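Participant: Single-letter residue listing:
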Amino acid sequence: MKRFLSVLTALAMLTVSMAGCGGSTASSSSSEAAGSSSAAVVDSGKRLSDTDVAIDFWHHMEGTSAVALENTVNNFNETVGKEYGIVVTPSFQGTNTAEKLKTLAQAEDWGNFPDVCQVASAGIPVIAGYDLLVKPEDMYAAGENIIVPREDILDNAARTFTYMDELCALPFSNSAILLYYNKDLFQQAGIETPPATIAEMVDAINKLTVKNGDEVETYGLEVQVKRYQLLNFLGGMGEYNFLGDNEGGRTGLMTKTTIGEDGSLMKFLDEWEKVIATGGYKAVEDNINEEFAMGMTAMAIMSSARIAKVDELTGGALNYGTAALPTVSADDKGGVAVGGSGVVIFNKGDELRQTAAWIFQQYLAGEDAQYTFCTGSGYIPINRKLYESERMQTFLAENEPMQAAATSMQNSNPNVQEPFDMVTGEIDTIIDTEMQNFAQGQDKQTTHDNIVNQINSKLAEYVEVNS
Amino acid sequence: MGKKFGKLEPYLYLTPALIYFTIFSFYPFIKTVLSSFFVLDANGVVKGFAGLDNYVKVLTDPLFIQSIFNTLLYVVLASPVAIIIALILALVANQKTRTSSIYETIFSLTMAMSMSVTAMIFKIMYNPNIGIINKLLQTKINWLNDSKYAMLSLSAISVWMNIGFNFLFLLAAIRGVPNELLESCLIDGATGFQRVRRVILPLISPTVFFLICNSLAKNVIMSGLPIILTQGGPKGSTTTMIYYMYKNAFNNMNYNYAYASAIITFLLTLVLMLISFSFEKKGVHYS
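Chains A and B are the protein sequences, given in the same order. Using numbering that gives the first Met the number 0, the letters of the first sequence map in sequence onto residues 0 to 466. Using numbering that gives the first Met the number 0, the letters of the second sequence map in sequence onto residues 0 to 286.
Since the hints were derived computationally from the structure, they do not count as laboratory data. Quick caveat, the model's predicted, so the values are computed rather than measured. Wrong hints could be hidden among the right ones.
Only pairs whose alpha carbons sit at most 30 Å apart, straight line, appear in this in silico BS3-like list of lysine-lysine [said to hold, decoys possible]:
hint: 1; chain 1: B; residue 1: Lys234; chain 2: A; residue 2: Lys347
hint: 2; chain 1: B; residue 1: Lys147; chain 2: A; residue 2: Lys99
hint: 3; chain 1: A; residue 1: Lys206; chain 2: A; residue 2: Lys266
hint: 4; chain 1: A; residue 1: Lys308; chain 2: B; residue 2: Lys46
hint: 5; chain 1: A; residue 1: Lys210; chain 2: B; residue 2: Lys234
hint: 6; chain 1: B; residue 1: Lys30; chain 2: A; residue 2: Lys225
hint: 7; chain 1: A; residue 1: Lys255; chain 2: B; residue 2: Lys234
hint: 8; chain 1: A; residue 1: Lys266; chain 2: B; residue 2: Lys30
hint: 9; chain 1: A; residue 1: Lys273; chain 2: A; residue 2: Lys182
hint: 10; chain 1: B; residue 1: Lys280; chain 2: B; residue 2: Lys56
hint: 11; chain 1: B; residue 1: Lys46; chain 2: A; residue 2: Lys206
hint: 12; chain 1: A; residue 1: Lys255; chain 2: B; residue 2: Lys280
hint: 13; chain 1: B; residue 1: Lys30; chain 2: A; residue 2: Lys308
hint: 14; chain 1: B; residue 1: Lys147; chain 2: A; residue 2: Lys101
hint: 15; chain 1: A; residue 1: Lys210; chain 2: A; residue 2: Lys308
hint: 16; chain 1: A; residue 1: Lys210; chain 2: B; residue 2: Lys147
hint: 17; chain 1: A; residue 1: Lys255; chain 2: A; residue 2: Lys101
hint: 18; chain 1: A; residue 1: Lys210; chain 2: B; residue 2: Lys46
hint: 19; chain 1: A; residue 1: Lys101; chain 2: B; residue 2: Lys139
hint: 20; chain 1: A; residue 1: Lys134; chain 2: B; residue 2: Lys217
hint: 21; chain 1: A; residue 1: Lys308; chain 2: B; residue 2: Lys56
hint: 22; chain 1: B; residue 1: Lys134; chain 2: A; residue 2: Lys99
hint: 23; chain 1: B; residue 1: Lys234; chain 2: A; residue 2: Lys443
hint: 24; chain 1: A; residue 1: Lys255; chain 2: B; residue 2: Lys139
hint: 25; chain 1: A; residue 1: Lys273; chain 2: B; residue 2: Lys147
hint: 26; chain 1: A; residue 1: Lys182; chain 2: B; residue 2: Lys122
hint: 27; chain 1: A; residue 1: Lys99; chain 2: B; residue 2: Lys139
hint: 28; chain 1: B; residue 1: Lys134; chain 2: B; residue 2: Lys147
hint: 29; chain 1: B; residue 1: Lys122; chain 2: A; residue 2: Lys347
hint: 30; chain 1: A; residue 1: Lys443; chain 2: B; residue 2: Lys147
hint: 31; chain 1: A; residue 1: Lys273; chain 2: B; residue 2: Lys30
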């Protein structure tokens with residue numbers, strides 16, 4: 000009996016372990032079952048099939064943005080989804096969905112790819128290499144099931160997701176870098192309008208900084224200059240500035256940075272040196288949202304995606320405004336790069352699911368979805384028609400910080416974009432370290448040369464094994 | 000049949016664990032070792048044989064050399080302190096009283112906190128302007144953004160997080176020390192310090208040894224705190240070896256550096272573990 004029990008126990012353990020190994024198969028089966036379980040509700044000529052088509056949507060939204068996204072997806076399932084017989088199931092996949100896709104691609108596990116996925120723009124060149132990717136460029140060319148015309152999407156937002164002259168994703172959750180300023184502190188310092196150039200910002204810092212002996216009580220400006228901040232300052236110089244060869248990596252692999260040879264980096268450092276010299280510039284961001292919300296800094300440079308956070312921290316009590324990022328020179332016209340994420344779709348061999356994904360992808364870039372999502376999250380709409388609608392105009396009129404964000408993005412040149420520089424993390428570290436050193440007294444030429452040479456060295460390493 | 004089964008039985012019990020280890024440890028380890036000798040592109044596709052080139056490149060990268068020192072500094076700052084504090088707390092909590100369960104729970108509570116939540120709480124506490132630490136110490140130190148203090152700040156978080164785990168093990172070990180031994184020490188006139196040094200510590204040395212090994216292994220491969228709080232900065236001062244590997248693999252898609260640095264980290268951990276095991280022969284008493 001004892002032996003029998005031993006055998007039984009061992010076999011049970013073995014069975015459990017084998018079942019564990021087969022987990023992915025079970026989950027995919029249940030997913031398929033779920034896909035076919037929803038019965039058709041609305042009789043419509045637009046239905047894709049007799050039974051509902053279920054598709055997966057991976058996203059990386061958290062907090063209030065996740066709630067806004069869930070509402071947007073629910074709206075789709077209740078309206079357009081019912082019309083076409085499509086059911087979308089959203090699932091949070093961490094903050095870096097491109098990384099998850101890459102893991103699946105390396106394992107050649109194409110079956111576990113989602114139908115629809117939200118990705119940051121930096122991930123586009125890698126995703127463009129997946130055979131499964133269905134490019135909106137091709138879908139628009141085919142002309143079938145168009146619910147949001149391409150012309151409705153703002154040009155610069157579309158270009159953010161364009162690689163090798165092909166639109167690879169549709170923009171969805173987008174933002175722009177802004178100058179946040181404390182209106183009360185501006186009033187106390189006698190400043191009427193936010194600075195439009197770095198030179199004007201230097202004057203403002205001098206007036207806004209409050210010192211007690213050697214100790215700064217209120218900083219005029221807080222911003223840690225990393226890749227995101229620097230590319231926006233440099234990208235908007237002149238008409239526009241690509242920052243790297245091959246249009247900043249959009250028409251081919253970016254093999255070098257051009258910010259050294261075109262003089263744009265030195266021009267920026269010339270101006271930034273004056274910011275540092277004010278003594279009222281906080282070069283390190285500790286808790287930038289909180290510090291700005293508490294009035295410890297009079298100006299801060301942050302993404303428009305932080306508007307909701309600042310409002311949440313202050314309960315709407317802080318009297319602040321936002322303005323376009325100050326330019327390096329008064330005659331710079333480029334504006335800023337569109338930040339944020341877009342949505343890609345994949346063809347996993349099922350035409351119905353691909354069509355459903357295409358309809359949902361367009362819906363997310365459409366008027367209704369952009370209104371629901373952006374008003375709930377603080378992201379900037381990318382649908383041209385939405386800006387013409389009364390509801391959006393009313394919303395922007397009542398939300399001044401959002402108004403500046405939307406204007407800033409709409410006024411920017413489509414060629415001002417984040418470069419597809421492939422070693423983004425390394426470049427971010429290089430710029431951060433060198434700009435910190437610059438703020439602590441490193442000379443301008445050394446800062447310039449270190450940034451240019453180190454970026455080029457990292458790009459060369461990447462090109463060596465990937466070209 | 001019975002004899003045959005008797006021979007097979009132990010292997011049958013081992014099979015589930017072996018399957019898991021093979022899939023999740025042995026296979027990835029062997030693949031990492033082999034891949035470290037090849038050139039791979041951003042998609043992980045082999046482009047050619049590299050020999051020792053990847054190792055040479057990593058070992059001549061100043062940031063990786065810095066990361067080795069950072070990792071060792073972190074281990075030295077975090078491992079012993081967490082064990083010593085936990086030992087003191089366990090000695091204090093040794094006597095069973097009516098309120099024991101309350102402070103035992105409080106002391107061990109830190110192990111129930113997730114790293115990300117703890118990191119975010121400490122981030123606010125470390126803030127130079129609005130953080131409570133500078134307020135209490137009456138200082139203006141930029142704990143996380145000054146390269147002199149950043150690693151110290153991270154190791155302090157690690158110490159706080161590990162105290163609970165170490166405390167539980169040490170408390171159980173101390174309560175396992177026979178009372179008659181401690182009473183005879185008292186009769187012989189031993190002081191409290193002498194009782195701890197001559198009786199308690201030798202008897203709980205297997206537990207201390209386990210905690211040292213556990214802590215070394217855990218701290219050498221630490222990457223969570225830099226990922227959440229400092230991104231390896233300022234100026235690379237919190238870039239640990241595994242953070243270096245993580246950044247190369249997932250941010251830069253440079254698997255050549257990532258694989259080589261992973262193997263070097265493994266070797267360093269192995270050396271540290273061997274050193275610990277040499278301590279076992281001299282300082283650990285199992286009887």
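Participant: All hints, please: hold or fail.
Facilitator: Hints, verified against the model:
1. For the proposed pair Lys234 of chain B and Lys347 of chain A, the alpha carbon gap of about 44 Å is over 30 Å, so the pair is violated.
2. The straight-line distance between the Cα atoms of Lys147 of chain B and Lys99 of chain A is roughly 36 Å, outside the 30 Å bound, and the hint therefore fails.
3. As the CA atoms of Lys206 of chain A and Lys266 of chain A are separated by approximately 24 Å, the hinted pair is consistent with the 30 Å bound.
4. Straight-line distance between C-alpha atoms of Lys308 of chain A and Lys46 of chain B comes to about 46 Å, which puts the hinted pair past the 30 Å bound.
5. Restraint check for Lys210 of chain A and Lys234 of chain B: the C-alpha separation of about 28 Å stays at or below 30 Å, so the hint holds.
6. Distance check on the hinted pair: Lys30 of chain B and Lys225 of chain A sit about 36 Å apart at the alpha-carbon level, beyond 30 Å; violated.
7. Using a Cα cut-off of 30 Å, the hinted pair Lys255 of chain A and Lys234 of chain B holds, with the two alpha carbons roughly 23 Å apart.
8. Distance hint between Lys266 of chain A and Lys30 of chain B is unfulfilled; the C-alpha atoms sit about 48 Å from each other, more than 30 Å.
9. In summary, the hint linking Lys273 of chain A to Lys182 of chain A is supported, as the alpha carbons are separated by about 23 Å, within the 30 Å threshold.
10. Taking the CA atoms of Lys280 of chain B and Lys56 of chain B, the gap is about 38 Å. The hint is violated against a cut of 30 Å.
11. Under the criterion of a C-alpha separation no larger than 30 Å, the hint pairing Lys46 of chain B with Lys206 of chain A is inconsistent with the structure, at around 58 Å.
12. For the suggested pair Lys255 of chain A and Lys280 of chain B, the alpha carbons sit about 57 Å apart, so the restraint of at most 30 Å is broken.
13. Simply put, Lys30 of chain B and Lys308 of chain A have alpha-carbon atoms about 44 Å apart, too far for the 30 Å limit, and the pair is violated.
14. Distance check on the hinted pair: Lys147 of chain B and Lys101 of chain A sit about 37 Å apart at the alpha-carbon level, beyond 30 Å; violated.
15. Restraint check for Lys210 of chain A and Lys308 of chain A: the C-alpha separation of about 28 Å stays at or below 30 Å, so the hint holds.
16. Restraint check for Lys210 of chain A and Lys147 of chain B: the C-alpha separation of about 25 Å stays at or below 30 Å, so the hint holds.
17. Between Lys255 of chain A and Lys101 of chain A, the direct Cα distance comes to roughly 25 Å. Compliance with the 30 Å bound is thereby established for this hinted pair.
18. The straight-line distance between the Cα atoms of Lys210 of chain A and Lys46 of chain B is roughly 58 Å, outside the 30 Å bound, and the hint therefore fails.
19. For the proposed pair Lys101 of chain A and Lys139 of chain B, the alpha carbon gap of about 43 Å is over 30 Å, so the pair is violated.
20. Simply put, Lys134 of chain A and Lys217 of chain B have alpha-carbon atoms about 44 Å apart, too far for the 30 Å limit, and the pair is violated.
21. With a C-alpha separation of about 43 Å, the suggested pair Lys308 of chain A and Lys56 of chain B falls outside the 30 Å cut-off, and the hint is violated.
22. With a C-alpha separation of about 42 Å, the suggested pairing of Lys134 of chain B with Lys99 of chain A is violated against the 30 Å cut-off.
23. Of the supplied pair hints, the one linking Lys234 of chain B and Lys443 of chain A holds, its CA atoms being roughly 18 Å apart against a limit of 30 Å.
24. Distance restraint check for Lys255 of chain A and Lys139 of chain B: the Cα-Cα separation of roughly 41 Å exceeds the 30 Å cut-off, and the hinted pair is therefore not satisfied.
25. As the CA atoms of Lys273 of chain A and Lys147 of chain B are separated by approximately 27 Å, the hinted pair is consistent with the 30 Å bound.
26. Proximity of Lys182 of chain A to Lys122 of chain B is assessed by CA-CA distance (about 28 Å); at most 30 Å being required, the pair is judged to hold.
27. Between Lys99 of chain A and Lys139 of chain B, the direct Cα distance comes to roughly 41 Å. Violation of the 30 Å bound is thereby established for this hinted pair.
28. Between Lys134 of chain B and Lys147 of chain B the alpha-carbon distance is near 19 Å, which keeps this suggested pair within the 30 Å criterion.
29. For the given pair, Lys122 of chain B sits about 43 Å from Lys347 of chain A by alpha-carbon distance, which is inconsistent with the 30 Å threshold.
30. Proposed proximity of Lys443 of chain A and Lys147 of chain B is supported: the alpha carbons are some 24 Å apart, at most 30 Å.
31. Between the alpha carbons of Lys273 of chain A and Lys30 of chain B the distance comes to roughly 53 Å, so the proposed pair goes past 30 Å and is violated.
When held up to the earlier numbered hints, the structure conflicts with 1, 2, 4, 6, 8, 10, 11, 12, 13, 14, 18, 19, 20, 21, 22, 24, 27, 29, 31 and fits the remainder.
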